[in-house]
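Peer 1: The residues making up each chain are set out below.
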Amino acid sequence: MEHKDMEHDEKDLPEFERKLRVAMARREAPLGLKTRVLAQARERRQGQRRLWWMIERIAATVVLAAAVGGFVEYRHIEEVRKGEAAKEQVLTALRITGRTMSRVQEKLADER
Amino acid sequence: MRGNLSWQPDFEELVDEHQSMVFSLALRMTGDRGLAEELAQDVLLELDRNLGKIKSPDHARFWLRQVTLHRSADALRRKRANAATLGTDVWVELEERHGFMERDAESPLGVRIEELLATLPESQRAALVLRYQEDLTPEEIAVTMQSPVATVKSQLQRGLKLLRMRASSTLKEYVRGA
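These protein sequence lines are chains A and B, in that order. Numbering-wise (our numbering), the first sequence opens with residue 1 and increments by one. Numbering-wise (our numbering), the second sequence opens with residue 1 and increments by one.
Hints should not be assumed to be uniformly reliable.
Once the Cα atoms are required to be at most 20 Å apart in a straight line, the calculated DMTMM-like pairs of lysine to aspartate or glutamate come out as [to be verified]: (1) Lys-34/A to Asp-16/B; (2) Lys-161/B to Glu-79/A; (3) Lys-34/A to Glu-13/B; (4) Lys-34/A to Glu-17/B; (5) Lys-34/A to Glu-12/B; (6) Lys-34/A to Glu-139/B.
Derived contacts from chain A toward chain B, CB cut-off under 7 Å, selection only [unchecked claim]: (7) Leu-31; (8) Ala-39; (9) Arg-42.
Hints are computed from structural coordinates only; laboratory data are not their basis. Ideal placement from N, C-alpha and C gives every residue a C-beta, glycine not left out.
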């Protein structure tokens with residue numbers, strides 16, 4: 001009896017598998033799923049684009065600020081350098097004048 | 001898997017082609033229509049984020065199946081953890097939810113099979129869904145589930161036996177073709 005049942009079961013298996021395959025056919029996706037997914041994907045891409053736009057703007061501002069800052073700093077250094085050179089020239093002129101004056105004074109003293 | 005160098009993934013086309021596969025997999029794995037819809041949406045959006053990594057239509061199909069199974073397993077784990085915290089049985093909950101599933105468009109056998117499927121262990125359910133819904137061979141299922149082929153074959157055998165045993169008590173009229 002048990003043996004008969006097993007034989008029957010084995011014969012039924014392909015039929016059960018066939019019915020299982022039919023019963024497990026894919027279900028239709030819910031209405032609106034695609035629309036919702038596409039809308040969210042679009043929103044995400046737009047968000048990403050906005051983020052990139054912001055990053056680009058921030059990067060451009062940083063580069064511009066660095067360039068302006070660099071130029072200002074260069075100008076300042078250049079002015080200091082020029083000032084130092086002018087000071088050096090004045091000191092040299094004063095040294096020459098001082099030396100000349102001492103020579104003149106020495107000559108005057110000799111003539112007296 | 002075919003590698004197609006000139007293939008460019010089109011997200012809208014991929015969603016159109018695979019939404020029913022992703023939804024059906026999630027539905028049969030979780031047994032919860034609302035959760036399956038949410039999972040399908042998450043998986044498809046994850047595909048959009050990973051579109052650059054998809055190399056061919058076959059790769060897209062494989063990727064979607066694998067990610068859907070993983071996400072469904074995660075969702076079931078979370079549900080089980082919540083149920084344990086709240087002191088409810090997730091399988092009882094799943095069976096109850098199945099009671100509310102749409103039945104209009106489905107055959108009685110289809111609905112009953114889905115109900116019975118939800119009572120099987122997760123790995124057996126996954127193997128059976130991939131075998132009978134997706135028509136994959138045990139070797140393909142093994143690759144998708146990242147399990148040895150022998151394990152998949154035994155899961156299929158055990159799952160089928162269990163499903164048939166449970167079905168025979170309630171679905172005699174359908175199984176025997178009556």
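Peer 1: Confirm or reject each hint.
Peer 2: Each hint, compared with the structure:
1. About 7 Å separates the Cα atoms of Lys-34/A and Asp-16/B, which keeps this hinted pair within 20 Å; it holds.
2. Restraint check: the Cα-Cα separation between Lys-161/B and Glu-79/A comes to about 92 Å, which exceeds 20 Å; the hinted pair is violated.
3. With a C-alpha separation of about 10 Å, the suggested pair Lys-34/A and Glu-13/B falls inside the 20 Å cut-off, and the hint holds.
4. A hinted pair counts as satisfied when its Cα atoms are at most 20 Å apart, and Lys-34/A with Glu-17/B qualifies at roughly 10 Å.
5. Under the criterion of a C-alpha separation no larger than 20 Å, the hint pairing Lys-34/A with Glu-12/B is consistent with the structure, at around 8 Å.
6. As the CA atoms of Lys-34/A and Glu-139/B are separated by approximately 31 Å, the hinted pair breaks the 20 Å bound.
7. Interface restraint check for Leu-31/A: the shortest CB-CB distance to chain B comes to about 10 Å, outside 7 Å, so the restraint is violated.
8. Given hint, Ala-39/A at the interface with chain B, is violated; its Cβ is 11 Å from that chain's nearest Cβ, farther than 7 Å.
9. The restraint placing Arg-42/A at the interface with chain B is violated, with a minimum CB-CB distance near 9 Å, outside the 7 Å limit.
Comparing the model with each numbered hint stated earlier shows that hints 2, 6, 7, 8, 9 do not hold.
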